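Mind docking chain E on chain H? Use the hints.
Those sequence lines, one after another, are chains H and E.
Residue 113, in the working numbering, is where the first sequence stops; the numbers in between run on with no holes.
Residue 1114, in the working numbering, is where the second sequence stops; the numbers in between run on with no holes.
These are calculated hints, taken from the structure and not from any lab test.
A couple of the hints might just be wrong.
Short, incomplete list of chain H residues facing chain E, as computed with Cβ under 10 Å [as the list claims (entries may be wrong)]:
| hint | residue |
| --- | --- |
| 1 | 12 |
| 2 | 34 |
| 3 | 51 |
| 4 | 53 |
| 5 | 56 |
| 6 | 98 |
| 7 | 100 |
Non-contacting residues of chain E with respect to chain H, defined by C-beta distances greater than 10 Å in every case (computed) [as the list claims (entries may be wrong)]:
| hint | residue |
| --- | --- |
| 8 | 1079 |
| 9 | 1082 |
| 10 | 1084 |
When the alpha-carbon atoms are kept at most 30 Å apart in a straight line, the in silico DSSO-like pairs for lysine-lysine are as follows [as the list claims (entries may be wrong)]:
| hint | chain 1 | residue 1 | chain 2 | residue 2 |
| --- | --- | --- | --- | --- |
| 11 | H | 67 | E | 1057 |
| 12 | E | 1009 | E | 1071 |
| 13 | H | 67 | E | 1009 |
| 14 | H | 105 | E | 1057 |
| 15 | H | 105 | H | 56 |
Keep in mind the model is a prediction, meaning the values are calculated, not measured.
Just so it is clear, CB atoms sit at the ideal spot from N, CA and C, and this is done for glycine as well.
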Amino acid sequence: QKEVEQNSGPLSVPEGAIASLNCTYSDRVSQSFFWYRQYSGKSPELIMSIYSNGDKEDGRFTAQLNKASQYVSLLIRDSQPSDSATYLCAVIRFPNSGYALNFGKGTSLLVTP
Amino acid sequence: NAGVTQTPKFQVLKTGQSMTLQCAQDMNHNSMYWYRQDPGMGLRLIYYSASEGTTDKGEVPNGYNVSRLNKREFSLRLESAAPSQTSVYFCASRPITGPGTEAFFGQGTRLTVV
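For reference, chain H alone in the conformation it holds in the complex (with noise of 0.2 Å):
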């Protein structure tokens, strides 16, 4: 089972609406949690992130952390066809490969005007 599990996609969302990206990992000893987005060709960028439990928002993106389950999403509101990338979620275990984060595989998110 890998470490960190995101749904592959494509999630297709209409312009404007709410995109919801979810997360979920195996280690209870997590820490430090990050999303990334990454367009076809390129590298990832850093998107958010969130270290404690509950919400963190940035502008039209919402990080959400429940550490009990295990669980934390990216939420993107009034989506934009700018947006239309591959999210991938990261996690940093403790205190195993020199805080290397551990990639979830991505989800594919297209956004149609």
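Relative to chain H, chain E alone:
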């Protein structure tokens, strides 16, 4: 401010050839990592260097070696390339050897082994 720089961006190798992928960061980060990304497999950790002077194996180290030349540079070497090593390789760095900060990625090296 360049961030994380990888060279080359593209490379085609013949089976059995060797090459070194270069990575340099100018952010004074302690930790550096090499990942490979394959369709349907996500990003997988090859090797990491938690701090200058240390290196260790990640999830998929077979067929690779690394060198942490100094705090800035972390290279990945393929001694005898195989078609299974066709992939996109990303170097990443983090400021501290500990949780709580994100990784910054280079632009990637697209490697094809024929």
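Results for each hint:
1. 12: 19 Å, violated
2. 34: Holds: closest Cβ of chain E sits about 5 Å from residue 34 of chain H, inside 10 Å.
3. 51: With a minimum Cβ separation of about 7 Å from chain E (threshold 10 Å), the hint on residue 51 of chain H holds.
4. 53: 16 Å, violated
5. 56: 13 Å, violated
6. 98: 3 Å, holds
7. 100: 5 Å, holds
8. 1079: 23 Å, holds
9. 1082: Correct as stated: the minimum Cβ-Cβ distance to chain H is 23 Å, above 10 Å.
10. 1084: Residue 1084 of chain E clear of chain H: closest Cβ-Cβ about 19 Å, beyond 10 Å.
11. H:67 to E:1057: This hinted pair holds, its Cα atoms lying about 28 Å apart.
12. E:1009 to E:1071: 22 Å, holds
13. H:67 to E:1009: 39 Å, violated
14. H:105 to E:1057: Holds. Residue 105 of chain H to residue 1057 of chain E sits at ~21 Å (cutoff 30 Å).
15. H:105 to H:56: With Cα atoms ~23 Å apart, residue 105 of chain H and residue 56 of chain H stay inside 30 Å; holds.
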